[in-house]
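Just so you know, the protein sequences line up as chains A and B, in that order. Remember, the working numbering sits 44 above the position in the first sequence when you count from 1. Remember, the working numbering sits 492 above the position in the second sequence when you count from 1.
Don't read these hints as lab results, they were simulated from the structure. Being a predicted model, the structure only gives us computed values, none of them experimental. Even glycine gets a Cβ: it sits at the ideal position worked out from N, Cα and C. Heads up, some of the hints might be wrong.
Claimed, not checked - Label pairs and their in silico Cβ distance ranges:
(1) 532/B with 96/A: 25 to 35 Å
(2) 680/B with 177/A: 38 to 48 Å
(3) 163/A with 726/B: 23 to 33 Å
(4) 694/B with 83/A: 21 to 31 Å
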Amino acid sequence: MKTTITVNGQARALDLDPRTTLLDALREELDLKGTKKGCDHGQCGACTVLVNGVRINSCLSLAVMHDGDAVTTIEGVGTPDALHPIQQAFLKEDAFQCGYCTPGQICSTLGMLKEVADNWPSQATEDLAAKIELTDAEIRERMSGNLCRCSAYPQILAAIRSVAEAGA
Amino acid sequence: MRPFTYERATDVEGAVRAVAGNPDARFLAGGTNLLDLMKLEIERPTHLVDVGRLPLSAIEATAEGGLRIGAMATNSQVAADAQVRALYPVLVQAIVAGGSAQLRNKASVGGNLVQRTRCPYFYDTTKPCNKRVAGSGCSAIDGLNRSAAILGASEHCVATHPSDMAVALSALGAAVETVGAKGQTRSLSVDALHRLPGDTPQIETELTAGELITAVVLPPPPAGGQVYRKARDRASYAGGLAMAAVAGNQVALGGVALKPWRALKTEAALAAGASPSEAAKAELADAEDLGRNGFKITLTARLAAAAITQAQGGEA
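So that you can see chain A by itself, here it is in the shape it has in the complex:
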């Protein structure tokens, strides 16, 4: 089935079996291996990408559902020579060990900071009428869809906090 998806700013024409998930299209058809397959059931967040600026699990979406959409993967966030501030912060704070969950963590962080800027509430939001304050409890709650089996959570929190404070 013919599908065109704009991936990291480039229109990519694909001809896919409808069963192909967005995750598999990115990895196997477009050779963008930065997006990781962890559980493949929406439980771990390793496959998190941005679709039209919003974070989703790419394993729980069919590529054909995204005809005309704009997808950002970790390859579109930064390059080894020009790291995104979030990538720099993860390095500086030592926010990973094996690194497998890291692309998902970073894409998720990008989406999360936009959600906070847009004042979307979370379970940690006490006052639905107030402007959201990005407390540690808010960051932890908002990042709960991204698991890290090396348990680098304190460092991930520190990295996100440093980026959020620098951007504020």
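Once you've looked at the hints, dock chain B against the given chain A.
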């Protein structure tokens, strides 16, 4: 995943026709539940009709002073909406208690209502399950039934409905609007949407073949406080063992049955002057302990009492 064909619907009538005419066709909205179940071959549609881009995502005020929420609005859009936050905080709290941000960004309101149970035996294709294979038996009744229903179950099924959002919608007295196979529209209350298992647990809702939920309609909020509480094994991103939604004098429970459970006995007890604790216990007088889920009876009563107390302005 089994092979299937895919089409993107361009209008509601066409979508409904495509699904109504093919018993193995399914609507696809966000896909967060359906695609997961298709990977496990629990759902095996041969045709998917993608309704995700139908123009059904608006959130609008109704003439009655409530809101109409399009069925294709994402869970996140509803929780972020200024009107929803101002009028129905219990709905916002319920939505953000469900899933992860990534799932809520994709999952639709309509899909949330018709998502399927998380009973471990429904997911275990090596075990009997009357929901998955009608007539095969229920493995949960004598099995690992810690999360199983305590109200409204049958000898054929003791599963629970997993939605947080639906519990708040029940407490708020919401209704769904649908379009049926012949293009006819109807409205039915969220409380009337889901069925109890009885002897046909494989039939989960009152929706007919091809009938599509197009909107959720909220009546004006009842007077009084609104609170959503959820008890679970982790602090975040886990299904609920017990949920309670309170909107004024209206109370609904979650995690207790195969549908969001409007707690009419609790409401009657409150109206008769009972304490929150007595009123919560009234609903659970007939609750059944299957062996491993008995703790949910106490947990649900305490959680509901705390939510009622909090909604009344007390410390809980």
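Now the hints, each set against the structure:
Roughly 28 Å separates the CB atoms of residue 532/B and residue 96/A, a value that falls within the hinted 25 to 35 Å. Residue 680/B and residue 177/A have their C-beta atoms about 41 Å apart, which keeps the hinted 38 to 48 Å range intact. Between residue 163/A and residue 726/B the CB atoms are about 26 Å apart, so this pair conforms to the stated range of 23 to 33 Å. Look at residue 694/B against residue 83/A: about 27 Å separates their beta carbons, and that is inside 21 to 31 Å.
Comparing the model with each earlier hint shows no violations; every hint is respected.
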